[in-house]
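Colleague: Now for the letters of each chain:
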Amino acid sequence: MRGAKFIVRRRGRQPGAALGPRPGAMRKSSEMPKVVVQKELCKGCGLCVDACPTKNLAMGQRVNAQGYAYVVWDKKAKCTGCAICGRLCPDIALRIYKEERK
Amino acid sequence: MAKRVLVKGNEAICMGALAAGCKFYFGYPITPQNDIPEYMSAHMPEVGGTFIQAESEVASINMLLGAAATGARAMTSSSSPGISLKQEGISYLCGSEVPGVVVNMSRSGPGLGGIHPSQGDYFQSTRGGGHGDYRVLVLAPSTAQENYDLTMLAFDLADKYRNPVMILGDALIGNIKEPVELKPYRRKIKPKDWALTGAHRRPRRIVKSLFLADGELTDHNWRLYKKYQRMAKETRFENYRADDAKLVLVAFGSVGRILKTSVDMLREKGLAVGLLRPITVYPFPHQAVQEAAERTGHLMVVELNTGQMVEDVRLAVEGRAPVDFYGRPPGSIPTPNELAKEVAKVWRKRGLQ
Amino acid sequence: MSPQKKTTVKMKKVFDRPKSMTKKPYHYCPGCHHGVIHRMLAEQIDAYGLKGKTIGVASVGCSVLLYDYFDTDVVEAPHGRAPAVATGAKRAQPENFVFTYQGDGDLAAIGTAEIIHAANRGEKITVIFVNNAVFGMTGGQMAPTTLVGQVTTTSPQGRQVATAGPPIRVAEMLATLDGAAYVARVAVNNIKNYKVAEKALKRAIDFQLDGVGFAFVEFLSSCPTNWKMTPQEANARVANEMIAQFPLGVYKDILAAA
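Residue numbers (the working numbering), protein chains in the order written: chain A, 1 to 102; chain B, 1001 to 1353; chain C, 2001 to 2258.
There's no promise every hint is true.
Claimed, not checked - Result set (DSS-like, lysine-lysine): computed pairs, CA atoms no more than 30 angstroms apart in a straight line:
1) C:K2053 x A:K78
2) C:K2192 x C:K2202
3) B:K1246 x B:K1226
4) B:K1192 x C:K2019
5) C:K2202 x A:K34
6) B:K1208 x C:K2013
7) C:K2013 x A:K75
8) C:K2228 x C:K2053
9) C:K2192 x C:K2012
10) C:K2192 x A:K55
11) A:K102 x C:K2053
12) C:K2013 x A:K76
13) C:K2053 x B:K1160
14) C:K2195 x C:K2024
15) A:K55 x C:K2195
16) A:K76 x A:K98
What the hints assert, rightly or not - A partial selection of chain C residues facing chain B, derived with a Cβ cut-off under 10 angstroms:
17) A2047
18) K2053
19) L2065
20) N2096
21) E2114
22) A2118
Rather than coming from a laboratory, the hints here were simulated on the basis of the structure.
The model shown is predicted, which means the values in this text are computed figures rather than measured ones.
Every residue gets a Cβ at the ideal spot worked out from N, C-alpha and C, and that includes glycine.
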């Protein structure tokens, strides 16, 4: 399943199982929209950092194989999944996930 | 029995193109080939084809590149200065391995020159003409019938080798009016597995000539080189009364046709002369020229320029026989009589009997 | 939430690389708008289902390797000639979506004849013109759209009107042609402009798919490397200097006028 490697596997769950609360569970912060930085694609231009309306992105301290300091996404901050960062990213370095309830 | 018509040389080229399934013509007016875009503007719509009078010769060769990249049979035409403009496009066609027919009805140069028949574009046609290491297959008709026949052949050769093919005529070959037998085109046009038609249910294709990775372009050029070597089997020439000649004339196109009359005139006077007429000037009939040199030891080249094809003749002969040269730079068309006199001079100079 | 009701919650990927792009990482400079514009176009090619029905025409400039990024049929055109090549391709393959993608050197310098005449003939193609006021690939020389006073490698004193003339406004010029159907100028320096740009690009694609006529979108773009600026400073220049010289807007829309 595409994107499977980005899903946190919880102990006791089958691979590929839906991520999310069991019925009756409290909503956790890990179910908010999330942005995953493809760090090898990021060139550290910082345009996403400026564009994010909730200031979830910041220039990182670590450097990728190309030598660029890639951005990091703060998973504790409030992300609305607006994808402004993704659209303005010149390197398609951001993947955005949103909760889908069925 | 195929239909026989009395047409201008330029028109015969168009008829050959249409017979061979050419559905795209892009051109620009320039004397002495305006009959070609004019004819195509009238007749392309009749066969459901596309005619565009482009904004320049540059634009028209690029329109050809675009249409031919999708697998279509496409043609453009011009005359010397316009062919100079097309050189970049021709180089791209060769580098990208895209077929197409480019018609040059040469006129006098250099620069604006004039509108007289000329053979001053021989180097431009056979030595690449544009940048890079490439060759164009060049067919040199000398009659309206050959215009028709060789244009049909040009489309086949272009597709066969995925290379542009040039028809090298001149103002005389374009404007002369002669009977032409409209032989039907019988070959099946094969689909092209490299053509851009939209990557629906197949991997996408790229038509390009840029190869930047280390060694990639070297390999590509060697591949092209091998292709050009394979093109050697398309060599065509005509021997006119040359088998028993003591002096063989070498000439192409309009000079070739004038010299046939000169040869007949001289033969009546007892001079055993003959003509070797290259029909492909690239690939050049080296072997035929070499054989003529070995057989007779006496060659003479006649051209409407100050000396271009004579270099290929000398290269082919490799110094084994003397090669005389009579050049008439464009500005006036030599008569058979004038040329016969020049040939007779060489005959006497060489002490031939 | 009722304990008996079973709800499955999944994290769905809502923003990803478009399918009509290859996975190859861009060679473009950090902050270059080519990357944004390529993705915007590819996203639309996906949305319209055109991946198997597209013939792109690549030009000469920083985007010369466009065929490395678009997973569609692509033909390479000589410098400036893309509109002519696109003319040939579209006339031969009218059911395919044909686009050209050109920079300001390609389109506004060497290619002025080809763009004017393709526009005037009303060729049913979509032209994407990326204007960053400089010749990028060759190292930052002056372009026809370079701003007055802008320092480039061939205008070291800044562009002088007396010797080089003022910058050319291509969108306005093409809009004067009766043959042109849709002419717009947009930018992608911020999300507000991005959204307007996306609408313009969609309309330019619609004009081709509906057989209306020649559609042209000029994207003002930054060039951080050759402007010798950070991506942020470059975006600011687009906002503060370029838009003043090249105003955004729809200059021609023959369907809107009706």
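Colleague: State for each hint whether it applies.
Modeller: How the hints compare with the structure:
1. Between C:K2053 and A:K78, the direct Cα distance comes to roughly 41 angstroms. Violation of the 30 angstroms bound is thereby established for this hinted pair.
2. At most 30 angstroms may separate the alpha-carbon atoms for a hinted pair to count; C:K2192 and C:K2202 meet this at roughly 16 angstroms.
3. Proximity of B:K1246 to B:K1226 is assessed by CA-CA distance (about 37 angstroms); at most 30 angstroms being required, the pair is judged violated.
4. Between B:K1192 and C:K2019 the CA atoms are separated by roughly 26 angstroms; this keeps the pair inside 30 angstroms, and the hint holds.
5. Distance hint between C:K2202 and A:K34 is fulfilled; the C-alpha atoms sit about 28 angstroms from each other, no more than 30 angstroms.
6. With a C-alpha separation of about 35 angstroms, the suggested pairing of B:K1208 with C:K2013 is violated against the 30 angstroms cut-off.
7. With a CA separation close to 16 angstroms, the supplied pair C:K2013 and A:K75 stays within the 30 angstroms bound.
8. A C-alpha spacing of about 39 angstroms is found between C:K2228 and C:K2053, which places the hinted pair above 30 angstroms, so the restraint is violated.
9. For a cut-off of 30 angstroms, the pair hint linking C:K2192 to C:K2012 stands: about 26 angstroms separates their Cα positions.
10. This hinted pair checks out: C:K2192 and A:K55 have alpha carbons roughly 17 angstroms apart, not beyond 30 angstroms.
11. With a C-alpha separation of about 34 angstroms, the suggested pairing of A:K102 with C:K2053 is violated against the 30 angstroms cut-off.
12. Under the criterion of a C-alpha separation no larger than 30 angstroms, the hint pairing C:K2013 with A:K76 is consistent with the structure, at around 19 angstroms.
13. Between C:K2053 and B:K1160, the direct Cα distance comes to roughly 27 angstroms. Compliance with the 30 angstroms bound is thereby established for this hinted pair.
14. Between C:K2195 and C:K2024 the CA atoms are separated by roughly 26 angstroms; this keeps the pair inside 30 angstroms, and the hint holds.
15. With a C-alpha separation of about 20 angstroms, the suggested pairing of A:K55 with C:K2195 holds against the 30 angstroms cut-off.
16. Our distance criterion of 30 angstroms between C-alpha atoms is met by A:K76 and A:K98, whose separation comes to about 15 angstroms.
17. With 10 angstroms as the threshold, the beta carbon of C:A2047 stays out of range of chain B, its nearest partner Cβ sitting at about 17 angstroms, so the hint is violated.
18. Contact between C:K2053 and chain B, as hinted, is supported at the beta carbon level, the nearest pair being about 4 angstroms apart and thus within 10 angstroms.
19. Evaluation of the C:L2065 hint against chain B yields a held restraint, the C-beta minimum of about 8 angstroms falling below 10 angstroms.
20. Annotation: C:N2096 was flagged as interfacial toward chain B, and the flag holds, the nearest CB pair being 5 angstroms apart, inside 10 angstroms.
21. The closest approach between the C-beta of C:E2114 and any C-beta of chain B is roughly 6 angstroms, which is under the 10 angstroms cut-off, so the hint is satisfied.
22. Hint status for C:A2118: holds, given a least beta-carbon distance of 9 angstroms to chain B, under 10 angstroms.
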